[in-house]
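Numbers in my numbering are just positions in the sequence shown, counted from 1, shifted up by 20.
These are computed hints drawn from the structure, not numbers from a lab.
Just to be clear, a hint being listed does not mean it is correct.
What the hints assert, rightly or not - Taking lysine-lysine and the DSS-like style, the derived pairs with C-alpha atoms no more than 27 Å apart in a straight line are:
1. K427 / K386
2. K97 / K86
3. K427 / K389
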Amino acid sequence: MAQGDESISTDVVVAVLAAGRGRRMRSGTPKHLHLIAGVPIVERAIRAGIDSGARETLVVVSPNMKDIDQLLGLEGKCTPVVQEPARGTADAVRHALYAAGDATWLVSLLGDNPLLTGEVVRELVARAKASGSLLTLLTSVLPDAAAYGRVERDDQGRVTRIIEQKNDDPASRTGPTEINSGVMVLNAAWAREELSHMPLDPVTGEFLLTDLIDLAVRTGSGSGESWPVDTVVADDTVTLGVNDRLQLQEVDAIARRIIRERHVRNGVTIIGPDTVFIDERVTIGEDTVIAPHSILTGTTVIGRDCQVGPAAVLDNAQLADGVTVEQSTIRNSTVGAGTHVGPYAHLRAGCQIGRDVHIGSYSELKNAKLADGVKCGHVSYLGDVTVGVSTNIGAGTITANYDGQQKHVTTIGDGVFVGCDTVLVAPVRLGDGSSTGAGAVVNRDVEADSTVVGVPARPIDKREGRKRH
């Protein structure tokens, strides 16, 4: 979803209508902030406007969403426009036209239309400019018209009106049906004039944008010689909206299929694709293999020639080239080239893992910095720790980093051998080349090249094998 480079000129402004409440979601979260493949619904619509290359992207919102640009991290890329009170889609467009200044064309997008792309918006604007129509609709043909407004055309194929479901003959809505997506390009000057005296809809008590179609048809010809209403017929997935959780589920599945296909075309192998879930912002290098039941979320970055899965969970993880992650979870951490993680390991936030490291079964790491070549075997916990080059961490090693009030740091040097079941009571430091015996409880610093054993751990004489006194 990178910002597009191609501009559709400086006389076009996009308005994303996102002031609706979305009660059918049955959620404390505003509808527009629910996620599709890890990206809020409304952000996807906004990015379609940004990627189109329009002069400006406006977002019409209710007062409680007036900081939506900051909420989505889009400051400077879109401009909130508050609609208060919310009196329908046409009223939202009226607010947008006021904010659009001298724009010649206004593109009206729906904030709950998450599969729209900048490319489709550019095509729609190009059609509007070429035809000179007052209003250009984005439509699609669905096997079931559902609750969408149906597009009615005359015997010359020209759009004459949009018929809403409640006013339609059910027989006209069976079989493939052309529907109105709600996305349109308006001749801004004409729309300003018409909206200034548009009456309220007597049934809904709102100003409805679809009423502009009837007004355009009654106007006669557009600004050129063409019919005043034109259309671009898009793929049926592009026009899907989200109004409830079933539609959210449907659109999320489509978005994730598109994402998987994009990665496969870019050189990634995905085994069992229907079991693999990849968020929009994830990037994956060539020749990487994603095995079944893996979940890649957030801003995860995976290098080339990696093996991920089966059943790997990567959330905001960064993997260099050649990393293997088997049946393990990595969150908010980085992993160096050639490292092997798992199976059944857990890297929590703040881990920085070097090159050619091995992290074995049931190991848990938190805020751990492991240098190149470290080996951390089985059933170990390393929290708030720095580990030096080529150090070996024996099975069952624990860094006791919490004293009941605060966390403390453990520092382990280069070439250290930590024996099985060692407990390192932080804060503590193990010098380069030192070692601990199996089951040692280390509660004081260990000198370089020395060995400690026992509970509590004490140094032993290297020559005589006796404890020092």
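Query raised in the report: Which earlier hints can't be squared with this structure?
Result: none
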